[in-house]
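Visitor: If you want the building blocks of each chain, they are given just below.
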Amino acid sequence: MLLALILALGGTMFLQKAFTPKLGLDLAGGTTVTLSPVTQNNASPPEEILDRAVNIIRDRVNGTGISDAEVAKSGDNIIISIPGVGQSEAIKLVATTAELRFRQVLAVAATQAPQELATNAPTPGATPSGGASTAPSGEPSGSAPSSSASVPSASPTGKALSSALTAPTPAASAPAQGAEDPTAKPAATQNGQTGQDGQTGQTGQDAKQQDGKKGQEAKATPTGQASTPPAQDPNAGIDTSGIDPAVLAQFNKLDCADPANRGQGVQDDPNKQFAGCETDGSYKYVLDVAKVVGTDIDTASAGVRQGTTEWVVQLDFKSKGAGEWGKLTTAAFNSPEPRNMVAVVLDGVVITAPVIQGPIPGGRAEITGNFDQVSATNLADQLKYGALPLKFNRSSIDTVSSTLGQDQLEGGLIAGLIGLALVLVYCLLYYRGLGVVAVLSLVVATVITYTAVVVLGHNANFRLSLPHIIGLVVSIGITADSFIVYFERIRDEMKEGRRTLRAAVEVAWVRARRTILIADAVMFIAAIVLYFLAVGGVAGFAFAMGLTTLIDIVVVFMFTKPFIALLARLKFFAKGHPLSGLDAERMSDTHSTGRTTTPQEA
Amino acid sequence: MGLGRRLYRGEIDVDFVGKWRLWYSLSGLLLVVSLAGLLINGLNLGVEFRGGSVFSFKAGNASIEQVRETFQAEGVHQPIVQTAGDRWRVTTETLAEGTTTQVQTAISKDYSVPADQVDIQSIGASWGGEVSQKAWIGLGVFMLAIILYLSMAFEPKMALAAIVALVHDLVITAGIYAWSGFEVTPATLLGFLTILGYSLYDAVVVFDMIKEVTAKLGHTSKQTYSMAANNALNHTLIRSLNTSLVAILPVAAILFIGTTLLGAGTLKDLSLALFVGMIVGTYSSLCVATPLLVTLKEREPKYQAIARRLASTGGGGKGSGGKGSKDSKSAAVAKG
Numbered sequence: 001m002l003l004a005l006i007l008a009l010g011g012t013m014f015l016q017k018a019f020t021p022k023l024g025l026d027l028a029g030g031t032t033v034t035l036s037p038v039t040q041n042n043a044s045p046p047e048e049i050l051d052r053a054v055n056i057i058r059d060r061v062n063g064t065g066i067s068d069a070e071v072a073k074s075g076d077n078i079i080i081s082i083p084g085v086g087q088s089e090a091i092k093l094v095a096t097t098a099e100l101r102f103r104q105v106l107a108v109a110a111t112q113a114p115q116e117l118a119t120n121a122p123t124p125g126a127t128p129s130g131g132a133s134t135a136p137s138g139e140p141s142g143s144a145p146s147s148s149a150s151v152p153s154a155s156p157t158g159k160a161l162s163s164a165l166t167a168p169t170p171a172a173s174a175p176a177q178g179a180e181d182p183t184a185k186p187a188a189t190q191n192g193q194t195g196q197d198g199q200t201g202q203t204g205q206d207a208k209q210q211d212g213k214k215g216q217e218a219k220a221t222p223t224g225q226a227s228t229p230p231a232q233d234p235n236a237g238i239d240t241s242g243i244d245p246a247v248l249a250q251f252n253k254l255d256c257a258d259p260a261n262r263g264q265g266v267q268d269d270p271n272k273q274f275a276g277c278e279t280d281g282s283y284k285y286v287l288d289v290a291k292v293v294g295t296d297i298d299t300a301s302a303g304v305r306q307g308t309t310e311w312v313v314q315l316d317f318k319s320k321g322a323g324e325w326g327k328l329t330t331a332a333f334n335s336p337e338p339r340n341m342v343a344v345v346l347d348g349v350v351i352t353a354p355v356i357q358g359p360i361p362g363g364r365a366e367i368t369g370n371f372d373q374v375s376a377t378n379l380a381d382q383l384k385y386g387a388l389p390l391k392f393n394r395s396s397i398d399t400v401s402s403t404l405g406q407d408q409l410e411g412g413l414i415a416g417l418i419g420l421a422l423v424l425v426y427c428l429l430y431y432r433g434l435g436v437v438a439v440l441s442l443v444v445a446t447v448i449t450y451t452a453v454v455v456l457g458h459n460a461n462f463r464l465s466l467p468h469i470i471g472l473v474v475s476i477g478i479t480a481d482s483f484i485v486y487f488e489r490i491r492d493e494m495k496e497g498r499r500t501l502r503a504a505v506e507v508a509w510v511r512a513r514r515t516i517l518i519a520d521a522v523m524f525i526a527a528i529v530l531y532f533l534a535v536g537g538v539a540g541f542a543f544a545m546g547l548t549t550l551i552d553i554v555v556v557f558m559f560t561k562p563f564i565a566l567l568a569r570l571k572f573f574a575k576g577h578p579l580s581g582l583d584a585e586r587m588s589d590t591h592s593t594g595r596t597t598t599p600q601e602a
Numbered sequence: 001m002g003l004g005r006r007l008y009r010g011e012i013d014v015d016f017v018g019k020w021r022l023w024y025s026l027s028g029l030l031l032v033v034s035l036a037g038l039l040i041n042g043l044n045l046g047v048e049f050r051g052g053s054v055f056s057f058k059a060g061n062a063s064i065e066q067v068r069e070t071f072q073a074e075g076v077h078q079p080i081v082q083t084a085g086d087r088w089r090v091t092t093e094t095l096a097e098g099t100t101t102q103v104q105t106a107i108s109k110d111y112s113v114p115a116d117q118v119d120i121q122s123i124g125a126s127w128g129g130e131v132s133q134k135a136w137i138g139l140g141v142f143m144l145a146i147i148l149y150l151s152m153a154f155e156p157k158m159a160l161a162a163i164v165a166l167v168h169d170l171v172i173t174a175g176i177y178a179w180s181g182f183e184v185t186p187a188t189l190l191g192f193l194t195i196l197g198y199s200l201y202d203a204v205v206v207f208d209m210i211k212e213v214t215a216k217l218g219h220t221s222k223q224t225y226s227m228a229a230n231n232a233l234n235h236t237l238i239r240s241l242n243t244s245l246v247a248i249l250p251v252a253a254i255l256f257i258g259t260t261l262l263g264a265g266t267l268k269d270l271s272l273a274l275f276v277g278m279i280v281g282t283y284s285s286l287c288v289a290t291p292l293l294v295t296l297k298e299r300e301p302k303y304q305a306i307a308r309r310l311a312s313t314g315g316g317g318k319g320s321g322g323k324g325s326k327d328s329k330s331a332a333v334a335k336g
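Quick mapping for you: the protein sequence lines, in order, are chains A and B. If you use this note's numbering, the first sequence corresponds to residues 1 to 602, in order. If you use this note's numbering, the second sequence corresponds to residues 1 to 336, in order.
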C-alpha cells in the first residue's frame, strides 16, 4: 500500500518530469497584492460580485501584459500574485477603483503610428472594456473591401447615443451600424492603406451623422503615410478653440500606440480637460471637463431593443445627473463634429465615444452600436460599477526580490535540515535501536511529503511558500511524536513483563493507535479551522500542517508499525540488546514492585 | 541515581496532582502578571496592524545612522531600522506612493543596490484589523470544535480542562509578549493559533492515558481518581517531555535561522511565538490541565466515595507509601 502510494507519487513525478516543487512568490521573487473589499458595515460581499471583480482584475492584469499572473479569491479578499520583479507600478494600478466620467469630445485624432493602428484597430473586441463591441477581430487583411454588412464597425466608436424615450431614429440606428457606410470599412485592410484607414475609420464614425459628406478635412490627421502628406502643424484641422493649451500640448505628445499611455488607473481630474486614448489605442481625444460622472448614473443594463435583435445598453441617470446629462447632450448635439461626441472615460481611458443623436432629457439614454450580449453586458457593468463592482482597499502589497526569496528559501531549508537532524539525533540517542525505526519513518515521511508537494505543485498549482516550509518543519515534531507514543507504549507493555516483544508490539499498537488518531484529529481540526478562516499566509501554513498530519497517519500505519513488527522477530530486539532501546536496564521496573522484569525473563 | 538516568529508565515519579495548590498559585500569579502586562504595556503591534511600509535590502557597508539618514532625507519621519547580517529592514509610517519610489531610488543610489532588489511591503491600516478579526473567529471556532470533539472522544470535563489550559497558555504567552516587547505580527497570531494545536495535542495524550487508567476504578479500587491520574501522568511524563523536546527542536532551529540569517520576518515571528507557547504548553499540560481535571472529577459522587473510603482506611494502596499518602491528602482537599 505504502509502496504503491510512493510509487504512484514518484511515478507521477517522473512522468511529468517534475522533480522540484513550484515555489511561491515569497521564495521565487515577485509581488503579491492583497485587496480587501470595502463594504458597508463590513458585510461580506456576495460571491458572484466578488467573482466578477476577480474576472475584471484578471482582465486588467492580463491587459497590462504581465504574464503568469494569478488572481485568486481568498475568503473575501482578492490576491494578485505576479511573479518576477519590476512590475510593482503596474500592479498598483490594477486595483484602483476608477471613476467613470462623461466628457464632451473637443478634438480627436487617429493614432499616428500606422503600424500600430493596423494591428490595433481591428481588434477592439479583445480589450477588457469590450466597449468596442463586435468589431471583427483577428482579420486585419482579407475580405475587407467587399464587406458591406460584414464589417459592422471598424471604428471602435461606432455607436450612437439616443434617448430611449424617442423611438429609434433613422439617424441613430442605421448609420451607427456603419455597415452601409462605405467609409467605415477600411480599417480592416492591410498596412499599405492604414494611414488612410485611420482617417477613414474615423470618418466612418462621423458619417453616422454627417453621412460621410464632410469632416474629412476637419480633422485630417497627420499620419506620416505617403498617401497623406505629413502635416507640419500637429494641430492642423483641429479646432483648438476652448482647449487648454497645456492639455493640447499633452494631446499632441500623446502616443496612443504605446500601450503604456493607455495604462489603466490614471485618475483623471473631472474638473480639468483631459487628453486620453481609446482603449485599443486607435484614437486620441481632447476631452472637456466631466459634466457628468459615474455616480450620476442610477443604473445601466443591457437588453435587446423591442422588436429587434439589436443589443443596446440602457442608462438611467439619477435626478441631478439627468439634468446635467440633458445639458451635456444638448451642447454636444448643437456642436459641430467631432464635438458632437460624448466620451465615456473609465480609468482615464475612453471606453466609448458615441455620437449624440439629439438632446436627451429625462434621464434615460440608450447606446446603440454593434453589441452582442457579451459586449453590451460588459459595457453596462462598466457603466454601472465603474471599474470594479466593489471598492477595494489595497490591504497589503508585498514585493519580494529574487535574492530575498532565495534567502528565505535557503533559511527555511537550513532550518528544516537542522530541525530534522536534531530530532533524528535525539531519537537515536534516546531510543537507540527503536530510534532507527523513527529515523527511517521520518525519512519515509519526508519522501512522501516531498513528492506530494511536487505532484500537487504540478497538478493542483500548489506553490510552496515560506509558511508552507515552516508548517512542514514544525510538523516534524508531530510526526516524531507518533513514534514516541508508540515506542513508549511498547516499553510500558514490556515493563509490565507479561509479554514477549512480539506480543507487546501488537498490544501496544492497539492502544497507541487510538491515542495517535485522537491527537492527529486534534491537529487536523486545528489545520482545517486555520485553513478556512485564514488570511494571507496562514492558509499555507495550515495546509502544510494538515498535509503532514495525514502523511503522519499513513506512515505510522503503513510503515512504522509493520516495520517494528518485523524487527520484533529479530534477535537483536527480542533479546533486548543494550543498543536496541529495549535493553534490560531500561526495562527494569524496580521502582514500584521491586520485581526485576526483563524481556529475557518474559 | 541521577535525574537523567531516572528519566531514561522512565522511573520518574512526581506528584503533579498532589501539588495542585502550588501549580494553581503559580499559574494564577503568571496569569495576573500577564494580564497586568497586557493592560500596562499592551502588545507591541507590528506594522501590519498600524499600516505602513517595510523596506528590505542587502547592504554590507551601511550603518544604522546612515540608513536612518537616507530615509529621513526622503521625508520619512520615524524609520525603524533593524539589521541582521547584511540585510536591512526599515519600517516606516504609511508613505505616499511617490515617496515609496523616492525612497527606493535613494536606497538604490546610496548603497548601490539594484532598485529591483529593494523589497517593499506596504500595508493598509485596516489589514491588521482584518487579520486579528479572523484570528478571533478562528480561535472561537477552533475552541468550539475542540470542545465538541473532546467531549465525544473523551468526556466534557476533559474538554473543559483542556480548554482552560489552552486559554491559560494563550494568556501567558501574550503576557510574555507584552512584557518583553516582542513585535506582534500576523505571523505571531498564526503562531498563537498553532500553539492551540500543540497544547491540546499534549493534553490529549495525557488524558487518553488517564481515561484508560481510571476506567478500572470501582468500589473496591485502592486508588482515588487523583492517584490514578497522577500515575497516568507519570506514565506519560517521558513521552510528554520527549514530545515537547522533539517539537521544540525544529522550532528552535527556525528561530535560530530566522533571527541570525534573515532578521525580522515571518520565520522569526512565527517560531518565536511557537517557541514561547510550546514551553508554556508543556508546563500547562502537566501542571494545569490534569490537576484541573482531577479537581473537576473528584467532585463526582463516585470518586468522592472512593476518596472517603480510602481516607478512612488510612489511604495507601499499592503505590509507594509516600506518594500514596500525598495523593490521599490531595484527594481529601479536593473533596472538601
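Mixed in with the good hints there might be a few duds.
Computed, partial: chain B to chain A, Cβ under 8 Å [what the hints assert, rightly or not]: (1) Val-32; (2) Val-33; (3) Ala-36; (4) Ile-146; (5) Ile-147; (6) Leu-190; (7) Tyr-201; (8) Val-213; (9) Ala-215; (10) Leu-217; (11) Arg-239; (12) Asn-242; (13) Thr-243; (14) Ala-253; (15) Ile-257.
For the record, the hints were derived by calculation from the structure and aren't laboratory data. Note that the coordinates shown come from a computational prediction; the quantities given were computed from them, not determined experimentally. Beta carbons: idealized from backbone N, C-alpha and C, even for Gly.
Visitor: Work down the list of hints and note, for each, if the structure agrees.
Guide: Against the structure, the hints come out as follows:
no.	hint	verdict
1	Val-32	violated, 28 Å
2	Val-33	violated, 27 Å
3	Ala-36	violated, 29 Å
4	Ile-146	holds, 6 Å
5	Ile-147	violated, 11 Å
6	Leu-190	holds, 5 Å
7	Tyr-201	holds, 5 Å
8	Val-213	violated, 11 Å
9	Ala-215	violated, 12 Å
10	Leu-217	violated, 18 Å
11	Arg-239	holds, 4 Å
12	Asn-242	holds, 5 Å
13	Thr-243	holds, 5 Å
14	Ala-253	holds, 4 Å
15	Ile-257	holds, 4 Å
Checked against the numbered hints given earlier, this structure breaks hints 1, 2, 3, 5, 8, 9, 10; the rest are met.
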